[in-house]
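**Student:** Listed here are the chains, written in short residue letters.
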Amino acid sequence: MKFLKWLLLPYMAAVIVGAFLWPAPAQGFIGESSRIVFFHVPCAWTGALAFLVAAGYSVAYLARRRPEHDDVAAAAVRLGLLFAVLALVTGSLFAKIMWGSYWNWDPRESSFLLLIFLYAAYLFLRAAVEDPERRARMSAAYALFAAVLMPFLFFVAPRVTASLHPQTVINPQGKILMDAPTKAVFFGALIGFTALFFWMLSLESRAARFDRAAVSRLSER
Amino acid sequence: MSKRKGEIDAASNPSPTAYRLPPSRAGALARAWAICAKDAAQELRRRVAAASIFFFAATAVTLVSFAVGPFGLPTEARDRVSSALLWIILFFCAATGLPRAFVREEETGTALALRKVAPSSLTLAGKTLFNYVLFLAITAVTVPAFAVLLEWRLESPGALATVLVLGGYGLSVVSTFLAALVARASQKNVLFVVISFPLLLPLLLSAISATIEAAGGALPATALRVIVAYDGAATCAAYLLASAAWED
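The listed protein sequences correspond, in order, to chains S and D.
According to the numbering used here, the first sequence holds residues 38 to 258 in order.
According to the numbering used here, the second sequence holds residues 34 to 281 in order.
Hints in this document: simulated from the structure, not taken from any laboratory.
Remember, predicted model here, so these are calculated numbers, not experimental data.
Take every hint as true, because none was put in to throw you off.
Short, incomplete list of chain D residues facing chain S, as computed with Cβ under 10 Å:
hint: 1; residue: A218
hint: 2; residue: A262
hint: 3; residue: Y263
hint: 4; residue: A271
hint: 5; residue: L273
For lysine to any residue, the following SDA-like pairs were computed, each having C-alpha atoms within a straight-line distance of at most 20 Å:
hint: 6; chain 1: D; residue 1: K221; chain 2: S; residue 2: E170
hint: 7; chain 1: D; residue 1: K221; chain 2: S; residue 2: V166
hint: 8; chain 1: D; residue 1: K221; chain 2: S; residue 2: L160
hint: 9; chain 1: D; residue 1: K221; chain 2: S; residue 2: P169
hint: 10; chain 1: D; residue 1: K221; chain 2: D; residue 2: D281
All C-beta atoms in this analysis are idealised placements derived from N, C-alpha and C, irrespective of residue type, glycine included.
In isolation and in its complexed conformation, chain S is listed as follows (with noise of 0.2 Å):
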């Protein structure tokens, strides 16, 4: 393990270097405006796998109620608002090159904003109970409650309504409409980020472990 850690600095510079040199521009795109498809879908993607992750926790703290679980869950939860908001920072670059204007209440710009919220209020509830069982128990449930409400956000709300958007991966042809080496470059850079985001989780969850560990030796004392 420590070993793909080390390997992930390297490979991550990799990507950005190919990002900026290998592929050419898209066509149909400003300047080259194209090149933010490497680090904005993957922090998009990212911000929702973190959040599945999370929920994936959620689950599994209900079924055993393992304080490790909750802090994984949660931990997942801080990181995916971080990829989120770089997502969303990366996707306002693009507007406002592309369109003029930093936001423009485009349906998938406001789903992830909203998408921000709705997670961000995760934190909130988390920190208004006091009891760490009933902080764990609630979270879970409000974690899972927004997962299954997530897709309405996500995938319906953008597409019941017209959008300025590119068209994304996950489109009606069914095909990824890029050359050889965007391709490469996106999924090498899909596969960095989400390797990044489970080395900071595990680094955020072994520290909430020893930080739980030092409050129960005090509360030892």
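Use these hints to put chain D onto chain S, whose structure you have.
**Tutor:** The following block gives chain D in isolation, referenced to the frame of chain S:
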């Protein structure tokens, strides 16, 4: 009025021992209905939730009609703006009154008794039913008043009623579930608005879009499909997670 054996008796006696549900051989619907009837009886005695919601709705409708008025909006924007304002008012009405269903149990110390006598899914179903009836009552008063004061001509009242009935159901389910979650948290009222708004937004956006179409005389088929799907997903999730949200 004499009560049948096993009926919930909280209206006449608020002590925790007053909760007596119909026996478990009675159907789940009958038991959920008993919880709804208990809530209704408590509400009729004190009228806190209903009065606060109706007062809020009256104030909000008056404020909107005073600020916008029948001639304050250009004709082409009237349906769009009125639909959005209507659902914003309905959302905040719901946020004002619907969390009371669970918060009241915690405040009066009857939550433990309710947990002992009824499974959480039945409690949630009963309280959702009560909240839904309350929401429909608010809507029945608010929407005509809103339409009259803003001179909002509705081309398809039947379609609008369908949107309100289906949208109101989703609003009641989600609000009731979240009320169960926040009942024992600090800063309940603020927290309820903070966590409910993002969860309800897909429903509210679809309901607004459907209301615009209904006001223009069209049948909002796509938006209604989204609302029905949302209602179904929210009902299943709330039923499955009821025990995690409510039990101690």
